[in-house]
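Protein chains in written order, with my numbering: chain X, 1 to 385; chain A, 1 to 314; chain P, 1 to 436.
These are computed hints drawn from the structure, not numbers from a lab. Glycine residues also receive a C-beta, built at the ideal position from the N, C-alpha and C atoms. Just so you know, not all the hints are guaranteed correct.
[Claimed, not checked] Quick list of the computed label-pair ranges, beta carbon to beta carbon:
(1) A:Thr61 - P:His228: 41 to 49 Å
(2) A:Thr66 - X:Phe145: 25 to 33 Å
(3) X:Ile28 - A:Gly213: 40 to 48 Å
(4) P:Thr37 - X:Val231: 51 to 59 Å
[Said to hold, decoys possible] Reference listing, derived: stretches of chain A covered by chain X, where coverage requires no fewer than 3 residues with Cβ under 8 Å from a Cβ of chain X:
(5) 40-49
(6) 63-75
(7) 287-293
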Amino acid sequence: MSASAGEPSGSDAGVIAAAPPSRGARGIWTFLLRLGTALAIPVIGFGLLWATFDFLRDEDANRFLVVGVAIVVGVGGVFFLYWAMNRLVDLFPARYREGVRPYVFVGPALVILGVFLVYPVINTLLISLKDSRSESFVGLENFSFVFTDESMLRAIRNTLGWIIVVPLFAVSIGLIFATLADRLRRGEAAAKSLIFLPMAISFAGAAITWRLIYSFRPTGFGSNIGLLNGVMLGLGQDPIPWLQEQPWNNLLLMVIMVWMQTGFAMVVLSAAIKAIPDEIIEAARIDGASEMQVFRRIIVPSILPTIVVVATYMVINALKVFDIVFVMGSAETNHTEVIAERMIDWFFIANHDGRGAAIAVVLFFAIIPVMIWNVRRFREQEMIR
Amino acid sequence: MSAQTVSADDIAAARKADEALGTRKGGWVVRITIIAIVILWLIPTIGVLITSFRPEGLVDTTGWWTVFARPFQAASWTLENYRLALDTAGFGNAFMNSLAVTIPSTVIPITIAAFAAYAFSWMEFRGRYVLFVIVVGLMVVPIQMTLIPLLRLFNNGATLGGLIVFPDLDLNGTFLGIWLAHAGFGLPLAIYLLRSYIGSLPSSIIESAKIDGADHFTIFWRLVIPLSVPALAAFAIFQYLWVWNDLLVAYVFLGGTSETRVLTIALAGLVGQQGENWHLLTAAAFISMLLPLIVFFSLQKYFVRGLTAGAVKG
Amino acid sequence: MRRLRLIVPIAVMMLIAAACAGDEGGDGGGAEQEEDTGSVNVLNATSAEESEVLQNLVDELITPNVEYQAEMEYSDQFEEQIQIRSEAGTLDVILLPQPGAVADQAASGNAISLEDLGFDIAQLEETFGEYFLSLGEFEGEHYGLPTNSNYKSLIWYPKEAFDAAGYQIPTTFDELIALSDQIVADGGTPWCVGFESDTATGWPATDWVEDIMLATAGQDVYTQWVNHEIPFNDESVVNAVSMFGDVMFAEGYVLGGADQTPAIAFGDAPLPMFEDPPQCWLHRQATFINAFFPEGTEYGVDYDAFPFPAIDQQGALFAGELAVTFRNSPEVVDFLERFSGVEVQCAMGGDPGLSRLSPNIEVGADCYANPVLADASVQLSAALSGEGEAGFDASDQMPPEVGSGSFWTGMVEYMQQGPDSLQGILDEIEASWPTE
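Only chain X is shown next, with the shape it has when bound in the complex (with noise of 0.2 Å):
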């Protein structure tokens, strides 16, 4: 695949941008049959992939046969949709091409978001003004719930404190591992995957895994089956409800989220690792660099994007982070509650649909300050190069 990628400028694509409308009968008949073709092939594939999605809805069907169609549609006919909707923009006269084509490109991704984020967005400022069933407006008196309710200003202080340190730590483990794995003669793939393990664990998985750390039993209840209270007794002393002790609770709960999400910054970062090319790095070596210099001058300024990337992502996963703070224990209780918990709790649990809607909204401005940061970033990289 890399091989062919360094010569771009293959014949096939020349043809396409070199092709002049042509003048004359003869011409205008080429053009009418391209046309037609052109637009008959979108149509007929079209037909076709809505035949197989048809297909596809079918309960009933063999299963191998459904993930079998399935791949084909899911790869082929996306690629198609593009493809064929690229010829489309060729037919429109030559001062309109370039101005149609990066919609083509965006559109459907734009279209789709429309539908499932943007529009439940809609729907949800809409919700925050309503009252618990969502019937009649009530103006600000959600908003005023949540930065006045006891609980709601716990969440509030607590997601501060996930989102400082669950990428801090999340974003520099990863990326001391991706650089030291990234130096290893031999099993720098084991190594990483020891550390991504837990990103394939699912939910109800990850759950169990740190109740086995964290459960308490008091003395007099059973044998502590929890590893921190093994080593507690191990050492003399008397167990600890760990998920009870305010407010370190809430650093053993974001220390799940920071093992589980390791991985995925060490896959990104380490992908952007080996993306700076060998002679840069080697260079400087010779130049007489030590690793700590090669480190701090190369490798983090040439991979810096990337790391802004991921941390965004940290931030926002932080500021979202409601089940591992849900299935450890009584939030409210342990004084542990999140936003997005709250979220859940007043939304589905309390059945409160305003109030609920109303914490929503304050996530989403929570992340204006992060997007700000990013757009300069975005017009810093197309300014320098």
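Given chain X's structure and the hints, the job is docking chains A and P onto it.
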């Protein structure tokens, strides 16, 4: 750091310092740090692994680490948990459903996101910044908040002043519905990751391709995609895992009946009413981890150094 | 140019629309009968195992006699599922453990009343007792059909050691306190208490309060309390909670002390009772708790249970589930009749894999394979038919903000902060009651 001013002695001195510190390739600092982090990361997983092979009665009464005291006692080990977990009604069907959901739900957003990321990086169009910011900002939308409006939309469509804005698609319980849903939820991160990668490709190669007469589609398909394989693979792994382990979206868009349920839903049924059955859950966790790990290993080869560097030079 | 740019998204939308226009989905609601779809879906929050056992019973006793298929669907994300699927119109029947939620479903306009389904309410009141049926009432119509219950007013004790020590089963609350003092004097610890239950931590404490509330204030005041016709910091409630506190905070009464109780899993709580000698002697918990007892222990031999004793009168606290219907069609009605009927309910009692106590008064004690349930069924049937002060778990009836929120957390705080915090905590719970 410039080659002219550095003597051979300097180089030797720096090398020596590195060797003393053990930070050279394969040095002891490297190895010890790696081993320490790996062990730390493995402890919880080992706990689960051991528990999954322990009999039900022992799981709840003794700590999993106690097996190390008597590792060869036959009574402290069992395969029964795996047998019971695999015995879950409709396991095979659920496994196939999971595949039918996961593979397209991974491929579709990658393709769509790659096109969009290319446009955001290398095409000029109005509203580029604003659209990109909105796309990335959408990462923060909690999926749970989208479900109810989406279901309403899918079941009843949407009308505005008598005009059909969104048709009644009846997508519930269809694979198409869940693919599109997963694509939608995965797109912001995919576009964000891929734009960051594609945007950082050297502009010189794109420009020279343009001069050679290649149009955007060709540049994208013949040049950018091959160069972006590590980023594509990284996102593929991530989206694959997310979809494979997802419970909520599958529940909502496919349902939990024995016909349509995916593996996570089938295995979640092993949880007892009060969250007991740890012995079964740990076994189930390992069963459902198997395929994602195979995927990870098979995609690892795309992270090999040189693949991208070589291509950039060309 | 601008207009041209719009073409792409619009074209895509139209294609999607055209491709999907063929199918039409219908959703339910309303009083008119709908067509027979040949299947009934029953969403429940029991447990995967229980749901499977129920499915087997349904397959065995209902399916052979009818034209439709009934599927029991267990969901561990029950609340989310109900909300989401009622929007999607894909709910047939749900088994709701919270009567408060029944009213919610009725108010949302999605649930269909038993009257509209064609049930004879007077007859149902005879079968399930007026009180239980009234719990599913909303604006004069009934929306909940009782299908299961569990009995909560029980105190468990280690029978063998208890008898050997010469202790007597108390019949009044004063005798219970005297027994506790006696145990302390003998060098033991009377009570084993644990309130930890993940997200629901605190519920066993609310059961304590509810038991005392029924036995002191009686069913009428209890119902007023549940419906917020008296405030949560009313004198009667203060009295009940402080009586609960008297037991929890008394010196030497509770193993590990009251402040530890929110950290002890409710399932682990009774275990010290089975040590030799028993580390504690009394444990107040519902019928299902013996599933958590050590393997090999036997009811009536190793352990036994007596009813929570009378204070001012005898109370009987229970909980259970109500079937709420979302689709009015003949097969759904037929299923409900069969599922709540004597034959199926009695068979549920006979299945050793289930711990379901039938709310159907006509189901006799001889139906039950489990002697705990057989004994409890006698007490429950008596209570449901109007004997004594029956009460359905208050926290399951109150609005979720209170019943699965501030009431639970309030009782946990009470345990942690001690007897003096009582008034402040009750004031806080009162303030959390939703105003609408």
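Do the hints match the structure? See the list:
1. Our hint of 41 to 49 Å for Thr61 (chain A) and His228 (chain P) holds, since their Cβ atoms are close to 45 Å apart.
2. The hinted range of 25 to 33 Å is not satisfied by Thr66 (chain A) and Phe145 (chain X), whose Cβ atoms lie roughly 49 Å apart.
3. Taken as a hint, the range 40 to 48 Å is violated for the pair Ile28 (chain X) and Gly213 (chain A), whose Cβ atoms sit roughly 26 Å apart.
4. For Thr37 (chain P) and Val231 (chain X), the Cβ-Cβ distance of about 57 Å falls inside the hinted range of 51 to 59 Å, so the restraint holds.
5. Proximity of the region 40-49 of chain A to chain X, defined as three or more residues with a beta carbon under 8 Å from a beta carbon of that chain, is established by the 7 residues found.
6. Using a Cβ-Cβ cut-off of 8 Å, 3 residues of the region 63-75 of chain A lie near chain X, which meets the minimum of three, so the contact claim holds.
7. Counting residues of the region 287-293 of chain A whose beta carbon lies closer than 8 Å to any beta carbon of chain X gives 4, which reaches the threshold of three, so the coverage claim holds.
The structure fails to meet hints 2, 3 from the earlier list, while all remaining hints are met.
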